[in-house]
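Respectively, the protein sequence lines represent chains A and B. Okay, so the first sequence: first residue is 7 according to this note's numbering, each after it adds one. Okay, so the second sequence: first residue is 279 according to this note's numbering, each after it adds one.
None of these hints come from the bench; they were simulated from the model. Treat the hints loosely; a few may be bogus.
[Said to hold, decoys possible] Taking lysine to any residue pairs in the SDA-like style, the calculated list, with each CA pair at most 25 Å apart, reads:
#, chain 1, residue 1, chain 2, residue 2
1, B, Lys-297, A, Asn-144
2, B, Lys-854, A, Gln-21
3, A, Lys-219, A, Pro-119
4, B, Lys-461, A, Asp-218
5, B, Lys-918, B, Lys-934
6, A, Lys-158, B, Ser-420
7, A, Lys-17, A, Val-35
8, A, Lys-25, B, Leu-491
9, B, Lys-628, A, Asp-8
10, B, Lys-461, A, Gly-221
11, A, Lys-25, B, Lys-794
12, B, Lys-854, A, Asn-23
13, A, Lys-27, B, Val-844
14, A, Lys-158, B, Lys-649
15, A, Lys-25, B, Gly-489
16, B, Lys-794, A, Ile-50
17, B, Lys-628, B, Pro-716
[Stated by the list, open to error] To spell it out: a stretch of chain A is covered by chain B in this simulated footprint if at least three of its residues, at any positions, have a beta carbon under 8 Å from a beta carbon of chain B; those stretches are:
#, segment
18, 123-131
19, 141-152
Only a predicted model underlies this, so the values are computations on that prediction, with no experimental measurement involved. Beta carbons: idealized from backbone N, C-alpha and C, even for Gly.
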Amino acid sequence: MDHYEMKLTLKVWRQANNKSKGRFETFQVDGISSEMSFLEMIDILNERLVVEGQDPIAFDHDCREGICGSCAMHINGRPHGPWHATTTCQLHMRAFKDGDTIVVEPWRANGFPIIKDLVTDRSAFDRIIQAGGFISVNTGNAVDGNALPINKDNADASFAAAACISCGACVAACKNASASLFLSAKISHLGLLPQGQPERHKRVISMVAQMDKEGFGSCTFTGACEAVCPKEIAITNISRMHKDYLAAGLSADN
Amino acid sequence: MLDAKIPAGSLEKKWSDYKNHVKLVNPANKRKLEIIIVGTGLAGASAAAALGELGYKVKAFCFQDSPRRAHSIAAQGGINAAKNYQNDGDSVFRLFYDTIKGGDYRSREGNVHRLAEVSSAIIDQCVAQGVPFAREYGGLLSNRSFGGTQVQRTFYAAGQTGQQLLVGAYQALERQIALGNVKMYTRHEMLELVQVDGKARGIIAKDLVTGELERHFGHAVLLCSGGYGNVFYLSTNAMGSNTTAIWKAHKKGAFFGNPCFTQIHPTCIPVTGEHQSKLTLMSESLRNDGRIWVPKNLNEERKPFDIPEDERDYYLERRYPAFGNLVPRDVASRAAKERCDLGYGVGTSKQAVYLDYAAAIKRYGEIEASKRNLGNVDAETITKMGKEVVKEKYGNLFDMYEKITGENPYVVPMRIYPAVHYTMGGLWVDYELMTTIPGLYALGECNFSDHGANRLGASALMQGLADGYFVIPYTVGNYLADEIRVANIPTSHPAFEEAEKAVRERIEKFMSINGKQTVESMHKRLGKIMWDKCGMARNAQGLREAIEEIRQLKKEFWSDIKVTGVINDFNPELDKAGRIADFIELGELMCMDALQREESCGGHFREEFQTGEGEADRRDDQFMYVAAWEHVSGGWQLHKEDLVYDVVKPSQRSYK
Numbered sequence: 007m008d009h010y011e012m013k014l015t016l017k018v019w020r021q022a023n024n025k026s027k028g029r030f031e032t033f034q035v036d037g038i039s040s041e042m043s044f045l046e047m048i049d050i051l052n053e054r055l056v057v058e059g060q061d062p063i064a065f066d067h068d069c070r071e072g073i074c075g076s077c078a079m080h081i082n083g084r085p086h087g088p089w090h091a092t093t094t095c096q097l098h099m100r101a102f103k104d105g106d107t108i109v110v111e112p113w114r115a116n117g118f119p120i121i122k123d124l125v126t127d128r129s130a131f132d133r134i135i136q137a138g139g140f141i142s143v144n145t146g147n148a149v150d151g152n153a154l155p156i157n158k159d160n161a162d163a164s165f166a167a168a169a170c171i172s173c174g175a176c177v178a179a180c181k182n183a184s185a186s187l188f189l190s191a192k193i194s195h196l197g198l199l200p201q202g203q204p205e206r207h208k209r210v211i212s213m214v215a216q217m218d219k220e221g222f223g224s225c226t227f228t229g230a231c232e233a234v235c236p237k238e239i240a241i242t243n244i245s246r247m248h249k250d251y252l253a254a255g256l257s258a259d260n
Numbered sequence: 279m280l281d282a283k284i285p286a287g288s289l290e291k292k293w294s295d296y297k298n299h300v301k302l303v304n305p306a307n308k309r310k311l312e313i314i315i316v317g318t319g320l321a322g323a324s325a326a327a328a329l330g331e332l333g334y335k336v337k338a339f340c341f342q343d344s345p346r347r348a349h350s351i352a353a354q355g356g357i358n359a360a361k362n363y364q365n366d367g368d369s370v371f372r373l374f375y376d377t378i379k380g381g382d383y384r385s386r387e388g389n390v391h392r393l394a395e396v397s398s399a400i401i402d403q404c405v406a407q408g409v410p411f412a413r414e415y416g417g418l419l420s421n422r423s424f425g426g427t428q429v430q431r432t433f434y435a436a437g438q439t440g441q442q443l444l445v446g447a448y449q450a451l452e453r454q455i456a457l458g459n460v461k462m463y464t465r466h467e468m469l470e471l472v473q474v475d476g477k478a479r480g481i482i483a484k485d486l487v488t489g490e491l492e493r494h495f496g497h498a499v500l501l502c503s504g505g506y507g508n509v510f511y512l513s514t515n516a517m518g519s520n521t522t523a524i525w526k527a528h529k530k531g532a533f534f535g536n537p538c539f540t541q542i543h544p545t546c547i548p549v550t551g552e553h554q555s556k557l558t559l560m561s562e563s564l565r566n567d568g569r570i571w572v573p574k575n576l577n578e579e580r581k582p583f584d585i586p587e588d589e590r591d592y593y594l595e596r597r598y599p600a601f602g603n604l605v606p607r608d609v610a611s612r613a614a615k616e617r618c619d620l621g622y623g624v625g626t627s628k629q630a631v632y633l634d635y636a637a638a639i640k641r642y643g644e645i646e647a648s649k650r651n652l653g654n655v656d657a658e659t660i661t662k663m664g665k666e667v668v669k670e671k672y673g674n675l676f677d678m679y680e681k682i683t684g685e686n687p688y689v690v691p692m693r694i695y696p697a698v699h700y701t702m703g704g705l706w707v708d709y710e711l712m713t714t715i716p717g718l719y720a721l722g723e724c725n726f727s728d729h730g731a732n733r734l735g736a737s738a739l740m741q742g743l744a745d746g747y748f749v750i751p752y753t754v755g756n757y758l759a760d761e762i763r764v765a766n767i768p769t770s771h772p773a774f775e776e777a778e779k780a781v782r783e784r785i786e787k788f789m790s791i792n793g794k795q796t797v798e799s800m801h802k803r804l805g806k807i808m809w810d811k812c813g814m815a816r817n818a819q820g821l822r823e824a825i826e827e828i829r830q831l832k833k834e835f836w837s838d839i840k841v842t843g844v845i846n847d848f849n850p851e852l853d854k855a856g857r858i859a860d861f862i863e864l865g866e867l868m869c870m871d872a873l874q875r876e877e878s879c880g881g882h883f884r885e886e887f888q889t890g891e892g893e894a895d896r897r898d899d900q901f902m903y904v905a906a907w908e909h910v911s912g913g914w915q916l917h918k919e920d921l922v923y924d925v926v927k928p929s930q931r932s933y934k
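The following block holds chain B by itself, in its conformation from the complex (with noise of 0.2 Å):
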């Protein structure tokens, strides 16, 4: 039986109950324990560098040349805290309700309190690390809005926030590497867990530039690395983004949480062909000012400027009055999905539609000529003006677009469509954020825990923050504070030896087959499946079809990929060939997920299941859990986690 083990006690307690009883490790302890972090984007750097501070011993590792690359960096639009600087009615209460209620209900209530509990302390912090936020002329901190909510209360840094808050983060774990409190280990990749007794004790990793596989102990092992977006070939992700850590975790023993639950994000750069080898998000902040519309008549061939205002059809903005363009993400996709199947998208593709800068510019323009008595002023004086406070808002969003797509976005509407971007499902946890293998813990996007089957913008960033700086550092001493009494154990144990030979003989299987297919190719055939059948909309038929349909590719995998160059050596095509195995697996298991969730919620849309006017329906009666898997021999067993909602009642989403 899965234990969450949420506190007793009333939600707003439960997280200060915990820590006022949460068991200690004195200094001179923690100096003895080591615990390894793999990845160091926002949750394993955070991590990394706060359990530096408290004393432990820290290893940590990524597979990027700087801990400062990992994907955390390119989070555009903000992190929310209940901060309530704006007095628009925001409190813990409300952020915790916005993320439970845009999760779909499918999330912990303990969870997601303590998450809006410690949103504030997030932004305190990294002011202090100096994060350079976005400020006002007073001097004080601004906010913007995002999708979801009706406050504003998302804190940023122009469109690059995620760079300004990893950067905060790396630079608080490079000043524990500079004081010894923290190893780190770049361009590495870990490729098995070794556990002794049960207990996660260590690691096999490989190091990326010389081939060789090492071993590494820990008292603890904390995951955080991140999302696996990529099994769909085409997403926001990096390119290195990858569920290999993860999925080595789950083949362990680790329960996978709703792996389905795919973020689909509505505002993408469209793809252009076959050679596109990764899509590019357009932050979600772009949604408080432009407007989203096709043209009211099929087969429109007139630019977009040329189509008069009565002609246009602001489908978000007719479908959802009370919220309009700033619907949560996987209600904008699926209304973008609905009317370019109609045949309403446009560009050469017609999977586009417009997200238009006219009126925010018009607006804009005329709100500066009355700020500054202009009286009188021209249309083109109004637009000029207009431009510049949209570029000072959002500059460098836009040259983005423009040199992606050679296409001036301040006068012709940008062409959106969604693509993948997050993943929801993860690793399964409970309330200390451990896995369902003791000392295993799972941080950040690569754990199911507190977005449900939605997240919210500007949530992940938070998330990341508050399991590594917030909440790890408590709940991971509860555990270590009975494991004070187990030396190192040393790396020549079994244990190790075991792990490194399934390691060294998964590499040479890659390099012996020697047949006819790149890497590349099988994944760009996985993406297309999972894309197609476990997308934005899915279906019991399509799903088992799938599943077939991965199982053949499996078998081509291992008997038909190429893999050039040696084992010892900088490779990256055997690297790649590793995580897109474990990927191959993972959309098989996804699919699976998708199958037996007979009901829509969130970013899940089953067609069968679906209301009159085309909105998910959930079915909480038979539903209302996390569906945890376990791996075994030959497949996978689902357990289930209820969820049980003491304070929020789960009504039908409206954003109407």
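If we strip away everything but chain A, and leave its shape as in the complex, we get (with noise of 0.2 Å):
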């Protein structure tokens, strides 16, 4: 594929600690290939800044090939940046031209808060996976894979859910912080398949009251999670969630 080279100025979010107030910095850049990945631009600037004594822009990343859930930039208003179903870390630059400005954020939510720079802690979902997203049961209790035959559109369904990363997009595109996209995907996940059913109602209603305490908010079905999903999570496991919620909440066994 042809590729090109671009000057670019980047306004990124600056901050040093949670205690701290953050702001905008400028920087120019030059030589950038549209070969490049998002994150390998970033690694230039950062070469840069620590030749010249300046410290780097600090991030979240590591697997690089999006599906580690770690890297998590709002890229021009729109958590991963401008590509549909794309990680920041798989977002190329030739989705940029020459002379653009590009402004970067963090994640921004009450329940995600900012360590430095870039970086966020995102451990509230490692809770809320603590409150009930996981079946019970003990190493070496199980049965033949074989012996409990599942539904193929099931199981392809609770795959689609499952392929969730984790890494946060859908909360940083909602106007009210809410992780339902996050939540409703390991309930669906877990929710659709015969080993999920004995937990399947004490799971909602604790793993939806540990949202809540993490401080996140209330889902009004905007969609805008659904629209960032890097992995294409769709919002129709909010209803299946809610549908659960209910269910649960007027069984007897709650």
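With the hints as a guide, dock the two chains, each given alone in a separate frame, to form the complex.
What follows is the structure, encoded as structure tokens:
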């Protein structure tokens, strides 16, 4: 594929820690190839900053192949940037053109306090899983894998929900900073499988309670979460969660 | 003398006999025993969950912000198990045999047989946890083929099997955290091992957010910290994957087994330029249906789809008709290098070969037409239906390829080239997964044990989960049964004081050098030396040069690096400096190991030792051993563990 070089202006959110006040800092970068990934462009800027003795921009990243869920940049007002169904690390510079100005911010939500610059604390997601995002089966208790046939449509739908990478883009996109899409993906992943049935009601009640406790807002079903989800988790999962929540509230075992 | 402690008796009875006679720890005592686990990928998360379930007090550490992000998550293709659900002749013995042969007869029979034995239970456990494996319409589990085997034994979840298995283990781990059996330390990195009276008794960890050093005691320490492929700078590993935990243990006395055994994966997206920060794997499962080729003509200028069939060289099918495109990874990688070195490579860099799906799209399209009784259909419809089938099977991989390269692989053949992917070497462990330091264990990719000189596809996930769910819960008890009278050692003990002091001084040293070169640029230079001279092909002269160059680089590193920021802060540059310092030392050891092994086997290809047909020339009479390196002052001393084959008869691997 043909490639080209760019000169860009970056406006990046800098914040020393959770207690200090943040601000935008402007940088010019030159010689950026359209073949680079977005994070490689940040790498180049950071190398320059280190050489100049300045503090490089802190950002979370690890696998750089769109699956670990570490990277989390709000680019030009959209979580993970302009491409559909793409994590920040998979966004490539051919999405931009010479002379562009790019604004980069962290996820902004009460549930995700800022650690430094573009790095936030997403441990609330782990605590939501601790509240019930599992099937209680100790190691060694299992029957043969094929002893329990599972309808392929359910298995596929469960897998589609389980594709969530816990990046938090759904929260970042939501005007209420709701974690409903994240949570509902887990409710669907486990609730669509026969193994997940015994704890289905208990799970949804305690996970929703934990989400509220962590400071995430309520869902008003705008669909912003679905639009930015890099793994295309469907908003219909939220409907399924609401249904389960209602059923759990009405059932005798809760 | 190294004793692998392989149980006596016939191969298929070793593990069950071991389990029947191993020492046990009663539940009341388990509650008093603390176990430290470093790393929470498949091996670490499964071990933490399983040991927490047993009632031990577990402390788990990971450098990521959540255990769910460990690099096991990126595994794409699948996990092997000897279920024989396909009725195609699979068995525990065949999985054992394929793994031994695939490893080019450089792994232990006892360990590998145990791995094959527990493989079935892994699938059952994962299904019970809710891992959404691919299924057939009847509701039963689906399988596919992987390299180096002739049966279908690979279980998978589209192209994200690693993520689904890790999420399963992560959820089991989070459940134990909620129950209070495991305490989790995220954004923490182990920077030193603490020993008391020769036994592993704890670690010094750094809180990566505050920069503070912490002391943690454990009756036993389990390292599950993954592979060290990032010594090459460019690899398919995650950016944070590092050798530091095992390297600290190595320098404290744990022997390092076969450090030079590196897996170069044949199907990765090629490098585009100097800016490249990492490489992306295209799953081996793509070789099920894709055909690999290069043009027959040198200096071919035509677009791939304009090159007629008879002017294409399907070199794997030509050289290895029995296995074709599904030869093991080491064989496929070398064959690609051979073609590119001779100038047949494609793309602007000429360092790539085609992975072509046109034939598969046509074949699947025709099957669909036949299934739907469509009679005579035009080529366009066939292609359309074929693409739908390919999308269903490999869609996410094709999407990833297009995002990275900007080319549509449904239309233009993918360009691929080999890249560093996995390290078979690692800390030397015995049958119980214990290193040469009592009470220190190594699980998963960070040990050396099961894959010999080459790992077969879909076996890494199997080994990580085997070690964590089904091996360590038995073997660690055998050690801890004798530790029940040991009270917790206070972290004010001089051993903790000294270890923390050493870590602090090293960190202060990084900050004080204040030179001109960035840590990143040093890492790049190390990677280039390793790739050029200790990569897909190695020779004595190159390795000797590499050792000298690395020693020089080490001097430069310690006198001229520049680290910004301050110690007590979130400072990834500082953390990286520590990791690269360790990689530099490891690089030297890898070259020494490659130099002493004067043979070719598996992924280790010494140019001086090849057959007339360019295949690896193994020298069993001299090198049928595990090279276990002991760190001594001023260098290393080599120990050898002879490999004994009672059941399998080693022969030259043939995939023809």
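Okay, the hints, checked on the actual structure:
1. Lys-297/B / Asn-144/A: With a Cα-Cα distance of about 19 Å, the restraint between Lys-297/B and Asn-144/A holds, given a limit of 25 Å.
2. Lys-854/B / Gln-21/A: 21 Å, holds
3. Lys-219/A / Pro-119/A: 14 Å, holds
4. Lys-461/B / Asp-218/A: Judged against 25 Å, a Cα distance of about 23 Å means the pair holds.
5. Lys-918/B / Lys-934/B: Outside the cut-off at roughly 32 Å; violated.
6. Lys-158/A / Ser-420/B: 11 Å, holds
7. Lys-17/A / Val-35/A: 11 Å, holds
8. Lys-25/A / Leu-491/B: 22 Å, holds
9. Lys-628/B / Asp-8/A: 16 Å, holds
10. Lys-461/B / Gly-221/A: 23 Å, holds
11. Lys-25/A / Lys-794/B: 32 Å, violated
12. Lys-854/B / Asn-23/A: Answer holds: Lys-854/B to Asn-23/A is near 20 Å, not above 25 Å.
13. Lys-27/A / Val-844/B: Answer holds: Lys-27/A to Val-844/B is near 19 Å, not above 25 Å.
14. Lys-158/A / Lys-649/B: 19 Å, holds
15. Lys-25/A / Gly-489/B: With a Cα-Cα distance of about 17 Å, the restraint between Lys-25/A and Gly-489/B holds, given a limit of 25 Å.
16. Lys-794/B / Ile-50/A: 16 Å, holds
17. Lys-628/B / Pro-716/B: 50 Å, violated
18. 123-131: Our answer is that it holds, as 5 residues pass the Cβ test (under 8 Å) against chain B, meeting three.
19. 141-152: Holds, because 12 residues of the segment 141-152 of chain A bring their Cβ atoms closer than 8 Å to Cβ atoms of chain B.
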